Amino acid sequence: MRQSKNTNHHLIIISSTIIYVFLSLLIAVGPAYVMDRGTKHLANEQKMTTEQRRGFEIYVRENCAVCHSQQVRPLSMDSVFGRPSQPSDYADIRPISTWIMTPNVLGTARLGPDLANVGKLRNNEMWNYIHLYEPRIVVKKSIMPSYKWLFKSTNEVEEAHTIVTIPESYKPAGEYIIPTQEGDDLIAYLQYLNQASFDNIEESGKLGVNFTGSKLLSAIYNTDNITKSSQDSISLVDHDYSIFDYIVVAISILVVAVAFFFLVRAFFGLREEQKDHIKSKVMKHE
Amino acid sequence: MQQEENIEARDVEQKVRKGNPFYNSPNISRAEFNLIKAFFYAAALWLLIGSLAGELNALKFIWPGLMDASWLTFGRIRPIHTNTLFWGWSSLAMLGLAYYVVPSSAKAKLYSVKLGWITFWLINISVIAGSITMFFGFNNGMGEYREFIWPIMGTFILALAVSTYNFYVTIHRREENEMYVSNWFIMGSLLWSLTFMIIGYLPFYQNALGETVIQGYYMHNAVGMWFMTFTLGLVYYFLPKMLNTPIYSHSLGIVAFWTQLLFYTLIGTHHFLFSPLPWWIQAQAIIFSVGMMIPVVASTTNFSLTLRGHGKTIRKLPGMKFMLVGIIFYFLGSFQGSLQAIQSLNIIWHFTDFTIAHSHMTMYTIITFLLWGMIYGFGPKISGRFADKKWVDIHFWLAFVGLLIYSISLMIGGTKRGISWLDGQPFIDSVILMVPYWTWRAVGGTMMFLSHFVFGWNLYQMLKSPIKNIEYETI
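Protein sequences, first through last, are from chains A and B.
Quick note on numbering: the first sequence equals residues 1 to 286 in my numbering.
Quick note on numbering: the second sequence equals residues 1 to 475 in my numbering.
So here's chain B without its partners, still in its complex pose:
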């Protein structure tokens, strides 16, 4: 029985590989394979560390006295959770994929593998240093995602600058005349991110409420310009490749690019509605938050039309389920975000756990799911080994069901809490009413956490060693 399944699984692999020239040869050198593998392994490690911190946080809501040593207190562990997953897991995974996408879609050789390794080490050093300093309570002033002090974030910024230079030269030396839309997104994302990170850390205009204006801008641009824009660039490359079909529309991709640039930049203040910031800056943030749906609709339509008629590949190719869910949630999560920026709904949801549900439906179900999908789709190309489909499915269902339990319970609880405040009930009542929802969140969170071990195992199975007859390019 077991054997039969194995044979069937191998047949699927054979068919997928034969039918899709993407899997014919790795198109990279052995040195590049090693670099990309290092990026993925380190990313997976940070994913485990970051979600371990998240798991501990979730349990502290049920047992507030749990592990109450100073260095494990909620206020210190929470930024470790967010920052390791931002700058450790997601950033490393994205860059690892980009080290293939940028040269490949430009039909050029990667300018320098060595600079790639420099990026790799600088990022890891900054995340390690950032986590250690935060255990000691040495954070940069409580602003979310800005908790690394400037020398540490400076290291991260330097790492991005090195990669930007590496990619820029690669693109400059390309043979292909046209620049594929992926590279628009990736290069844009890198240069814009360098800009907002530097603006976020320069001190000259950040006294008093100046800091709050920058915090809103920084927070939103971190997710919108770094993670979302970069991941979109990767999806524009991998989705068509994995399906063996061209992207449905290049021009929709370009509309998405320019509107992404316009709207995501301007809506940071929607994190501080009804604050003492000037009214006009809040008003425009609300209007552009609605406008933000334009790049979302452009990209999701494009992806859906590309996916149309490929039901069989979605079912068979490991990783495609992640892509499908990621694309659906790109629409749902962004739509939810736009709703949260509407004043009348913001009154109920702001300050509650609804925000936490939203951040997980976006950073997790969009960014992380898409990254997983692309890693599962890309790994076999460079090593010749598919991950065991059964274990990829276990990973998928654990993560997806866990996420649904997590976010639905917090959305219900958050809404009830907001209504309780609106009714003028005592604050502690709103804490008590949240307890069952926090418990369910911990259940969902635990499933997500466990799924990350499965991912680590699958990644190791794919990349541990390339198959024998694989042909890497020689330099």
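In isolation and in its complexed conformation, chain A is listed as follows:
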């Protein structure tokens, strides 16, 4: 009986899984750990209040990130949304509860505009209430859903209530539209989204990234480099790459080249393999 390398299924299955786990630790868990432990607030950054925190939970519940990013890229086309985002902007983002993990606020789509700095860009509270109740009252061509369940209509108004100025055609006649607690919370969260300025960088430390983990991890992932890339984001020019960046790029290109070599070798071996195929078939028949 012919023995081949393929025979040992334990070897193939387990070795490939060990490689997979190793690569995952290297590329996902390791860097994630560094970003988790190493990210600090800027000194002048505001912390979320309880109300804003509840609003953030509504933001997650309604899955706003499906359409709205909170990530300004260091590109001139993004400058309308604010200054480039950097790690400290996300330092406050933690798991919502035992059931809901750290939300992904960065997003991958901009069906609507970026919200990283929306508290500064849209600071009129009444505009926000109207827009949330029915976006097309204030932005005619908007495709955003209306969030009417964050409001209620009533004919008894107390002094504490905010009455949202909704045109008659958009609400039950004679009634007033007031936000529910959830509506108030969500607006509070949106108003909280203000990018902290870089005015006192020196006092703030290195832009919010201050790695406090083990020295070994620090060496592997070169946290100085994280800081540098954030600084790049601000200047928008002159990337100041470290030797570590060059090494990673060199290794990556080398790996691709080696894999390409194996592909080419397999191509050159194709004809031989076909001959073997035919031979083994003939032998089987005999």
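Heads up, simulated BS3-like pairs for lysine-lysine below, C-alpha to C-alpha not over 30 Å straight-line:
hint	chain 1	residue 1	chain 2	residue 2
1	A	K275	B	K107
2	A	K275	B	K312
3	A	K141	B	K416
Calculated directly from the structure, the hints in this document are not laboratory data.
On a predicted model such as this, the values are computed, not experimentally measured, just so you know.
Position chain B relative to chain A; hints supplied.
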């Protein structure tokens, strides 16, 4: 006239069946037939539910006020669309096929049908629970494809673990000395997927931007390691069987296996280029995204060379058209993905609907088309009934033309939108310019949605009851 066509169709079936020993006997027991049938039926049901949600989403772009109740709002329906199609339709269809492929290519008996049923129920329970919780807005924190909260995804992970164990024992008890490349891919896919799912849900390193690193990794590994790797394993089995020819090259398959493992794992961060993540992790993701073409070229070459000279079977055998399109788009869609990871193109396309076009050209035209092709090719083997070729063709053309309308319109619209942002035009202008493209997307999407009913009907015709003289194996 009608009768003549029927006779001709039957002749084709006869010829295909006689010429191809694959269709001689089902090679499974009646119990396994029932299990596989359940997997396919449930998968088809999730396909209809998931694409109904997708259809509603597409219409909301044209009429934003449509069905604006809280539980039907875009933010809640959109993850229901993606998750039911991921974990409901594709996963169940893939596992259903694997419950035949793994024992068959190892020339061994399936270890346990009962464990198969446990997998079946656990997956269905998790997708039902996940959909219901998301109607109430109870999602896991907006990360794409990670919207099921951990107890629900835990159920899904458990289901995969049960199947992994079932397959592992089956392979362990095989008579065949060599392990066919299909089982490399399938076992790899299962074990790697268990790994990335657990890593994706462990909370210990996911505060602040740690979450974003994991999100990129998880998102890419979900499509690359679970759906793509698993489906490739199935294609390496079914394509040669349906054509009645050996796979062109075993060694190209093995190059594809190892390079798949190497490159797909490392490129998750290309979903977050120009983000505040460290520069090196973005740079390597871009380089390996180009390297990702190596497993793609290895597999597509292999499949093309296997297909060479079988034009007649492609035309005659129901389902082969799906395989052909799936293989072509495996190359095109992956190539497109690599281009999107290049910085200069990413600037234009990132955040636009181009991404949505890409995800449909891959998850739909690669994964779903290949799964359909294999189900159409495999169904007759276990039940003795071919689906009516005319209706398979209607399914194919509806889905394919629909997909082309869908993705081409979004690609044009997405590019124009990116250029509009680059020009610094007001944001709302880029919304207005998208309206015709969103409309065309809804047209294409509706065709795709309708084709799924045809698929459901065809599947029912194939599997409703096996023909009388079919011989199942006895245990």
